[in-house]
Each structure stands twice: as structure tokens, then as C-alpha cells.
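Work from the hints to combine the two standalone chains into their complex.
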Amino acid sequence: MKIYSIDYKNNARGIYYAVFNPGPFVPPTQEQAEQKSQYIHFCGPAFDIQVSKETKIKGEYFFNIPFMYAFQDLVSLEHNQPSCLYHQETGELVGYHVKPAILPNCSEFPNYAEVEATRPKDVHIFLKNRSVPGNVYVTELFVERIKQHHFTGIYCIPKWDGERVIGLSYD
Amino acid sequence: MQLFTLHGDSDKYYYAKILNSSAPYYLEFLDISTTRTRPLKIGDYAYLLHSSNLEKEHKEFSSSIAGSTPTFSQKAFECLKELILPQAEQVIELHFEDRLFYVVVPNILPFSDDLDWACIYRELPKGIHFFREDPGVYRAAVTNTFRELCLKNKLKGMDFVLKYDSEAQA
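Residue numbers (the numbering used here), protein chains in the order written: chain A, 2 to 172; chain B, -14 to 155.
Pulled out of the complex, with its shape left as it was, chain B reads as follows (with noise of 0.2 Å):
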């Protein structure tokens, strides 16, 4: 098994900006570098720039969303929501023209030591796939079936940062 984190791929895909702070959610993607002068792309994962809006009237929401909180299209979350549905602290649906983006927060799992990949993959509990194993983090920690899967449906703007390898380590 290997253990990735989870980060948007911002080289090539546009930052969003949660527009408002209450319900329906909308969203907007920003360019933010003054040198960039192609237009990047909108992915099936967001990096959220300023979630800041959520904050303003909902406290509950402050302490578990940062700019790397999964955030992903209506493709994505339809591919990937067996995965991450049961494992899911919040979902919250964001509109951007005539489709839905999705914030999911995901579960933090109690660990023994949580910066010691080897023991999260030895405490981590059969079917997760997709978790945080420290308050303190935003964004999530998938497995390699997590990672096939999206790689499977073809998703983009996703960069998987590899973490452990428990086959490299026999």
C-alpha cells in the first residue's frame, strides 16, 4: 500500500475563490500571478484561495477549512464519493455556472504518533482511503486506491505527494 497527501496541481490550474457567506455557496477561479499571461485551466481539484467567506458566518467552519481542503468538481466527487462520502466531516456544495464543486472535509483519524507515515499506515483502519491524520492539516491523505481511481476517470489538477511505500520499505 502507499499513502499520498493530496495537493492541487496550481502550475497549471486555476485558484477559486468562495465568492459569499451564506448558502448557496458560489465560486469563482482567479488568476493571481501578475507574470502568467495564459489562461490556466479549471481542474476536478480546486485549491481554494480564499475560503475565508465560509468563516464569516459559520464558526463550525473556520477550525476544519483551509485554502488545501479537498474541493472538487461534480465529476471528481461522483467518481470518487464511495471513497470519500463515508469519511467526509463536511460537504459543502459550491456553485460556479451551471455546475457544483464540492468542499469535503475529511475525518481525522486518531493515530499513535501522526507524524510517522509507517504507523499511520499501520494503524490505519481497513477501507479508508481517504482521511487526515492531524488536526493541524487541511488537506487529506489517500491511499493508492484513491490515487488509481482518479487516474482511472482521467481527473485533473490532482498532485499526489508520496508519503509512504510499504513495499519499498520490505
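The shape of chain A in the complex, shown without the other chains (with noise of 0.2 Å):
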């Protein structure tokens, strides 16, 4: 399967030095998901959570509801480990937080034909490098499927091919 690098373009509205409190994973309903959401579909760490009264911690990737609902098959329970997040004052469900996996057998310095011989199947948003938090990969099945909702603010770089690294001039 094709690997694309994934990023979000323009601002992270709505998510930029915010701070949500976190719950256990409830799957967005078709009514919640329908409306429209004010906060960015996509974006990295830009806000943080509050694990406790007194303790806050750096937020990984943020799924708002309509993202969350065409994407939580995408989203692996296991490796993504995907908890809601809501306001601080009004505990309103704003979106999800959602961690990029760690492919599990693989080594940390992989090239692409090891990552995708060792990804388990259910996982479709991962980290290339297990060390190296900002390099994000994503399958060609959640490329489609942004272009299918057309999610915009998105931005996926071909990578990997199936069979070789896209981009290679020098030979």
C-alpha cells in the first residue's frame, strides 16, 4: 500500500494553546458528526490536555468530530489509542485525540518496505520512526478517504509506492 507524509496547512483554528480535558473514547454519532464543527479538522500538537488538577501534557493529533466520524475505522483502539476531548468550561465534546502508532515490530530506523511489511493492518496513521515524534505516516486508504469527504486544510505527500521511495532523482 502506498505511504503518504501528512501535515495540515494555515492555522490550527480553534486548537491553537488550548486546553481540553480528556474522557474515554466514544464513538461521534451520525448527528453529533453533521454539525458543523468551529475547530480545525486535522492538525499535530498545538494544544494540551489536562491529565489532572494540576498536571497538563502536550496533545499528540486532533480529530474533530466530522474527521473522527469518517475516520474511526481508520483508527485503531489499540494502537492509536484514540480518548475524546472536551471544553474546560462548557464540557462540550470538541474532537478527539489521537496518537500516531508505534509500529510494534518494527526496528527504529525502518525503510518504507519494513514499514509496511510490519504495520499491523488496522493501522493507518503511524510514526516512521519510533524515536522521532514528528515524522507522520499515514496509508493510502486515509488519503482517499480525505479526498472522498473532501476535508480540506490537508496536505499528503506521497512517500512510498508500494514498492519505491517516491522522489528519487539522483540515480
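Hints listed in this document are in silico derivations from the structure and should not be mistaken for laboratory results.
All residues carry an ideal CB built from backbone N, CA and C; glycine is no exception.
Please note that the accuracy of each hint is not assured.
Said to hold, decoys possible - Beta-carbon label-pair distances, calculated as ranges:
| # | chain 1 | residue 1 | chain 2 | residue 2 | range |
| --- | --- | --- | --- | --- | --- |
| 1 | B | A51 | A | H88 | 42 to 48 Å |
| 2 | B | E152 | A | P159 | 41 to 47 Å |
| 3 | B | E78 | A | G92 | 52 to 58 Å |
| 4 | B | K(-3) | A | H88 | 39 to 45 Å |
Said to hold, decoys possible - Pairs of lysine-lysine residues, derived as DSSO-like cross-links and limited to a Cα-Cα distance of at most 30 Å, are as follows:
| # | chain 1 | residue 1 | chain 2 | residue 2 |
| --- | --- | --- | --- | --- |
| 5 | B | K(-3) | B | K66 |
| 6 | B | K139 | B | K66 |
| 7 | A | K3 | B | K26 |
| 8 | A | K148 | A | K54 |
| 9 | B | K139 | B | K60 |
| 10 | B | K148 | B | K66 |
| 11 | B | K26 | B | K111 |
| 12 | B | K26 | A | K10 |
| 13 | A | K100 | A | K3 |
| 14 | B | K137 | A | K3 |
| 15 | B | K141 | A | K3 |
| 16 | B | K(-3) | B | K111 |
| 17 | B | K(-3) | A | K148 |
| 18 | B | K148 | B | K26 |
| 19 | A | K10 | A | K100 |
| 20 | A | K54 | A | K122 |
| 21 | B | K137 | B | K66 |
| 22 | A | K3 | A | K54 |
| 23 | B | K26 | B | K141 |
| 24 | B | K(-3) | A | K3 |
| 25 | A | K37 | A | K10 |
| 26 | B | K26 | B | K66 |
| 27 | B | K111 | B | K141 |
| 28 | A | K10 | B | K141 |
| 29 | A | K100 | A | K37 |
| 30 | A | K100 | B | K60 |
| 31 | B | K(-3) | A | K10 |
| 32 | B | K137 | B | K111 |
| 33 | B | K141 | B | K66 |
| 34 | A | K148 | B | K60 |
Following this line, the structure appears as C-alpha cells:
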């Protein structure tokens, strides 16, 4: 399967410097997903999570409610550990916290072929290098889903076509 | 003779990041623009977006390696090694997929005025085509011999900025 790097364009609307309360994962309903979200569809580490009265931790990836509704079958409960995020004052569900999966049987600095060979079939958003949190990748299915739902503000750059690295120009 | 400074062409080619802080070192190529939606290419010359990992465990690297320190693909290294190896202060191997890249720190040569390219041209020892003229710079200075070898071998990702042309001066 093809592998893409993923990032988001522009700003992380509603997310920058926000602090949310966490809660166990409850999948969004269709009714919730149909309501317009004031938050960006998808963004990286730009928010904090209040895990106790005194302690905040850095959030990893944010999916708003419509985005999670569209991707819930591509988010692994085991490997991506999704959780709900609630507004601190209103208690309203604002979105979901998703961790990029660490590929369990993969070496620390794998090539793309090893990544694809060791990726659990239910993992579609993951780290290529477990010690390098910035390098997040997604599968072709994930990218197709973005296109299918016309989610904007996200860009995916092809890195591996299933057989070869994309972009090599020197040989 | 012409003298150039050597840079990466980051409009068309990816930046690279060194991922770890102890050998063997691994490299990854990154998108850094939040507006670019088309993939870039991996060239024969990489601009190191992050070299700081090298510095964490190897203090001796910290003063000599930065983003613009020349980093060559294996093909470029093989083509250029006769010119760069005699003038390399350090060479560090970087792994990417089944390929190698090389960080090459150019020697610093002493010049009586390292801001004056005419002076550098006059004082440059014969047979040297790859060097640094100042400890404060990390990119290489090269001659037209170096550039022509790159062009002959169709090496990609390099950008040469002309600093001095002895024929034009004459």
C-alpha cells in the first residue's frame, strides 16, 4: 500500500494553546458529525490535555468530530489510543485525541518496505521512527478518505508507491 | 577561474533531517512548507534542516556542521571524491533506505582577507577545488572545475552562486 506523509495547512483554528479535558473514547454519532465544527479538521501537537488538576500534557493529534466520524474505522483503538476531548468550561465534546501508532515489530529506523511489512492492518496513521514524533505517515486508504469527504486544510505527500521511494532523482 | 559558493536548491528538492544522535546515522527527507502540495525530489545534494542530533553526543561536530554543510548522495560523493576527500575535515555517513549520503565538512583555508573573493582567488593553492574560506561559514566554496564535474555527471539539487570570475576581472 502507498504511504504518505501528512500535515495540515494554515493555522490550527480553535486549537492553538487550547487546553481540553480528556475522556474515554466514545465514537461520534451521525448527528454530532453533521453539526458544523468550529475546530480545524485535523492538526498536530498544538494543544494541551489537562490530565489532573495540576498536570497538563502536550496533545499529539486532533481530529474534530466530523473528521473522527469519517475515520473511525481507520483509527485503531489498540494502536492509536483515541480519547475524547472536552471543552474545559462548557464540557462540550470538541474532538478527539489520537496518537500516531508505533509499529510494534518495526526497527527504530526502518525503510519504507519494512514499515509496510510490519504495519498492523488496522493501523493507518503512524510514526515511521518511534523516536521521531514529528514524522507522521498515513496509508493510501486514509488519503482516499480525506478526498472522499473533501476535508480541506490537510496535505498528504506521497513517499512510497508500494515498491519504491517517491522523489528519488539521483539515480 | 571562477569561484562559487555551493548551496542546495530547496525550491525543487527536499530538506533532510538527521534522525538520531549516534552512529550509524539515519536521514529522512521532509516537507517543510505549509502551502506546497506537490512532492519535491530527493537530490544529489541535501540541505540539512536538522543537524542538531549530531551535536548532542559529539561536541566536536557542533562547531563545524549546520544546515548548509555539504551533504552529498552516494552518486555525487563517488563523482566528486577526488576533489572533496583531500579537502574534507570530516566525512559522516548517513543512511537513507538502501542508500548512503555523506556529510562532508570542508577544510578551512587561511586567506589574508576572507571577505575579498579576489584575494581568495589569488591565495587559493593550486589543485584545491572545495574549501571553506571562513570558520563562520558552513557551506563550501568551490571552483568552476568542481561545478563542471557536477554538470558533467548531471548531479541534481545544487545551486552555485558565482562569487568571482578572473576572466571577467581581466
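Here is what the structure says about each hint:
1. Roughly 43 Å separates the CB atoms of A51 (chain B) and H88 (chain A), a value that falls within the hinted 42 to 48 Å.
2. Between E152 (chain B) and P159 (chain A) the beta carbon distance is about 45 Å. The supplied range of 41 to 47 Å therefore holds.
3. For E78 (chain B) paired with G92 (chain A), a C-beta distance near 54 Å keeps the hint of 52 to 58 Å intact.
4. Checked against the hint of 39 to 45 Å, the C-beta distance between K(-3) (chain B) and H88 (chain A) comes to roughly 44 Å, which is consistent with it.
5. Between K(-3) (chain B) and K66 (chain B) the alpha-carbon distance is near 25 Å, which keeps this suggested pair within the 30 Å criterion.
6. Among the hinted pairs, K139 (chain B) with K66 (chain B) is consistent with the structure: their alpha-carbon atoms are about 15 Å apart, no more than 30 Å.
7. Of the supplied pair hints, the one linking K3 (chain A) and K26 (chain B) holds, its CA atoms being roughly 17 Å apart against a limit of 30 Å.
8. Among the hinted pairs, K148 (chain A) with K54 (chain A) is inconsistent with the structure: their alpha-carbon atoms are about 40 Å apart, more than 30 Å.
9. Distance hint between K139 (chain B) and K60 (chain B) is fulfilled; the C-alpha atoms sit about 10 Å from each other, no more than 30 Å.
10. For the hint linking K148 (chain B) to K66 (chain B), the alpha-carbon distance of about 23 Å falls within 30 Å, and the restraint holds.
11. Of the pairs offered as hints, the one joining K26 (chain B) and K111 (chain B) is violated, with about 35 Å between alpha carbons and a cut-off of 30 Å exceeded.
12. Distance hint between K26 (chain B) and K10 (chain A) is fulfilled; the C-alpha atoms sit about 20 Å from each other, no more than 30 Å.
13. For the hint pairing K100 (chain A) with K3 (chain A), the CA-to-CA distance comes to about 21 Å; that is within 30 Å, so the pair holds.
14. For the hint pairing K137 (chain B) with K3 (chain A), the CA-to-CA distance comes to about 35 Å; that exceeds 30 Å, so the pair is violated.
15. Pair hint K141 (chain B) plus K3 (chain A) holds up; C-alpha atoms about 26 Å apart against a cutoff of 30 Å.
16. Distance restraint check for K(-3) (chain B) and K111 (chain B): the Cα-Cα separation of roughly 34 Å exceeds the 30 Å cut-off, and the hinted pair is therefore not satisfied.
17. Between the alpha carbons of K(-3) (chain B) and K148 (chain A) the distance comes to roughly 26 Å, so the proposed pair stays at or under 30 Å and holds.
18. Restraint check for K148 (chain B) and K26 (chain B): the C-alpha separation of about 27 Å stays at or below 30 Å, so the hint holds.
19. Restraint check for K10 (chain A) and K100 (chain A): satisfied, since their Cα atoms lie roughly 19 Å apart, inside the 30 Å limit.
20. The suggested pairing of K54 (chain A) with K122 (chain A) is violated, with an alpha-carbon distance near 38 Å, which exceeds 30 Å.
21. This hinted pair checks out: K137 (chain B) and K66 (chain B) have alpha carbons roughly 15 Å apart, not beyond 30 Å.
22. Between K3 (chain A) and K54 (chain A), the direct Cα distance comes to roughly 43 Å. Violation of the 30 Å bound is thereby established for this hinted pair.
23. For the proposed pair K26 (chain B) and K141 (chain B), the alpha carbon gap of about 9 Å is at most 30 Å, so the pair holds.
24. As the CA atoms of K(-3) (chain B) and K3 (chain A) are separated by approximately 22 Å, the hinted pair is consistent with the 30 Å bound.
25. With a C-alpha separation of about 19 Å, the suggested pairing of K37 (chain A) with K10 (chain A) holds against the 30 Å cut-off.
26. Between K26 (chain B) and K66 (chain B) the CA atoms are separated by roughly 23 Å; this keeps the pair inside 30 Å, and the hint holds.
27. Annotation: proposed proximity of K111 (chain B) to K141 (chain B) holds, straight-line Cα distance about 27 Å (limit 30 Å).
28. Restraint check: the Cα-Cα separation between K10 (chain A) and K141 (chain B) comes to about 28 Å, which is no more than 30 Å; the hinted pair holds.
29. Distance restraint check for K100 (chain A) and K37 (chain A): the Cα-Cα separation of roughly 24 Å lies within the 30 Å cut-off, and the hinted pair is therefore satisfied.
30. Restraint check for K100 (chain A) and K60 (chain B): the C-alpha separation of about 38 Å exceeds 30 Å, so the hint is violated.
31. Between the alpha carbons of K(-3) (chain B) and K10 (chain A) the distance comes to roughly 19 Å, so the proposed pair stays at or under 30 Å and holds.
32. For a cut-off of 30 Å, the pair hint linking K137 (chain B) to K111 (chain B) stands: about 22 Å separates their Cα positions.
33. A hinted pair counts as satisfied when its Cα atoms are at most 30 Å apart, and K141 (chain B) with K66 (chain B) qualifies at roughly 16 Å.
34. At roughly 38 Å between alpha-carbon atoms, K148 (chain A) and K60 (chain B) are farther apart than 30 Å, so this suggested pair is violated.
The earlier numbered hints that this structure contradicts are 8, 11, 14, 16, 20, 22, 30 and 34.
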